[in-house]
Structures are given as structure tokens and as C-alpha cells.
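Read in order, the letters of the sequence shown correspond to residues 121 to 346 in our numbering.
What the hints contain is simulated information worked out from the structure, not anything from laboratory work. Glycine included, every Cβ here is placed at the ideal spot set by N, Cα and C. Watch out, some of these pointers could steer you wrong.
In silico DSSO-like links for lysine-lysine, alpha-carbon gap of 27 Å or less [as the list claims (entries may be wrong)]: (1) Lys169 x Lys229; (2) Lys148 x Lys184; (3) Lys130 x Lys211.
Taking CB as the label site, the calculated pair distances span [as the list claims (entries may be wrong)]: (4) Lys218 x Ser192: 47 to 55 Å; (5) Asp190 x Glu224: 25 to 33 Å; (6) Gly157 x Pro188: 35 to 43 Å.
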Amino acid sequence: MRRREEQMQKLNEAFAPGNVELYAYFPKNQDLTFPVGELSTVVAGARIKEELYGRFSCYGVDAKITSPFDTSAVIQNFTYYEPFHTVMQGKDKSLHLKIMPARELQARKFQVIVQVQCSYLFDPPESPTEFDKGISYLNVAFNETCEFVDNATAFDMDFFVLIAVFGAMIFGMLYIFTDVFKSAGHAAQKAAPKKAKKVERGTVDSNGEEWLQGTYAAKPRSRKKK
121 MRRREEQMQK
131 LNEAFAPGNV
141 ELYAYFPKNQ
151 DLTFPVGELS
161 TVVAGARIKE
171 ELYGRFSCYG
181 VDAKITSPFD
191 TSAVIQNFTY
201 YEPFHTVMQG
211 KDKSLHLKIM
221 PARELQARKF
231 QVIVQVQCSY
241 LFDPPESPTE
251 FDKGISYLNV
261 AFNETCEFVD
271 NATAFDMDFF
281 VLIAVFGAMI
291 FGMLYIFTDV
301 FKSAGHAAQK
311 AAPKKAKKVE
321 RGTVDSNGEE
331 WLQGTYAAKP
341 RSRKKK
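Please model the entire structure based on the sequences and the hints provided.
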């Protein structure tokens, strides 16, 4: 009984506030918006003080997508566990976990919970396998309401909007150019001089006395002798 009490006292000292700090973040989803049907990465782990070096092992990550109204209603679960323990000889130990929200999920808000799995030993082990018999330490590193979106639908809408804008631009340019060409054509027609009408004139063989015809000076016609 006394030994048990001593162990609990050591355990409380080891896990005192500030001695162990768990963390989890999403490098590509810092705005906490997750596209359904696409992979996202969660980086999670533990940060410990020097007093715990050699007696602590961080080896597993568990991520859950749950209802925002009832966290016990788990929709999807993702886990990663290292195949063997590693002794934490440094300050930080990080693990990476890939998650992919199901495409069937509607675009709405869900609760995302990330837990980090660790093991603690009172004394430094001779072999990392001793952590299998250590004291299990599982705690929440991330618990937030996140927005899930469907990028496929958003892309389709953006595509149609882009096509509409592009079509309007083309129509506007054609209208402007057509109007400019029409104005230039009218201006050219007004500036061009009017062509004079052609008058066709007949020509008569002149014998030099044509201008005297019809006057007294014209030669009298010779009368034929009877």
C-alpha cells in the first residue's frame, strides 16, 4: 500500500501542470476548414520537461470526427501507432497522422478531437520494450468545431462564374469593335467626294462648214438640170 502511494505521488509530480504538454495542429488547415474527400495531415505529440527525459514515450495519435452536439457519436476514426517505443531523450516528440473526411459528409460543421497516447515509467528503462508495461497516458490535445466543405461543388460554381464573366467580356469587346467600325465607315462615306455624272456626247464628222449650216452663208444646194 505504501509503495502504491509513493508511485501515485511520483506520478502526480511527473504529470504536474507544465511538465507534460500535448499539442496538435493542422499545417495545411490552419483556418480549421477541411475539404471532404481530400487528405489532411495532423501533427501531434508531447512536449516534456527535462525531469522526464528517458522515462516517457509518445507513440500514438488518435483523431475522431464526431457530431458537434454529441461527441460520443463518432462518425470517423483515424489512428496511428508506432510499431515500437522510442525513449524521449529530447524535449519534443511529434507524430504525423493522415485523415480524409468521407466525401459523403455534408458541407457543415463537425467536431474534431485529437488524442495523444503516451507511456510513462518511474525509472529509466534498460530497453524501450519496458514501456509496454508502463503507465498509459492518454489525453486530448485538440478539441475544436471545424468547418467541412465540398471543394468539388465550389469548383463547379467558380467555373461557371468564370465562364459567364469571360463570355460577357467577349460580348462587350465585340460590341465595342463593331460600333467603332461602323462609325469609321460612316465617316469615310461622308468624307469621300461625290463623283460627277458622266454625260455622253455624240461626235459628228466635221467638214469645216458645219457651223455655217442653217445660215445664209451656207452653200446652196445645186439644182439638178432637167
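Could you work out which of the previously given hints the structure breaks and list their numbers from low to high? The structure conflicts with hints 1, 4, 5, 6, although it agrees with all the remaining ones.
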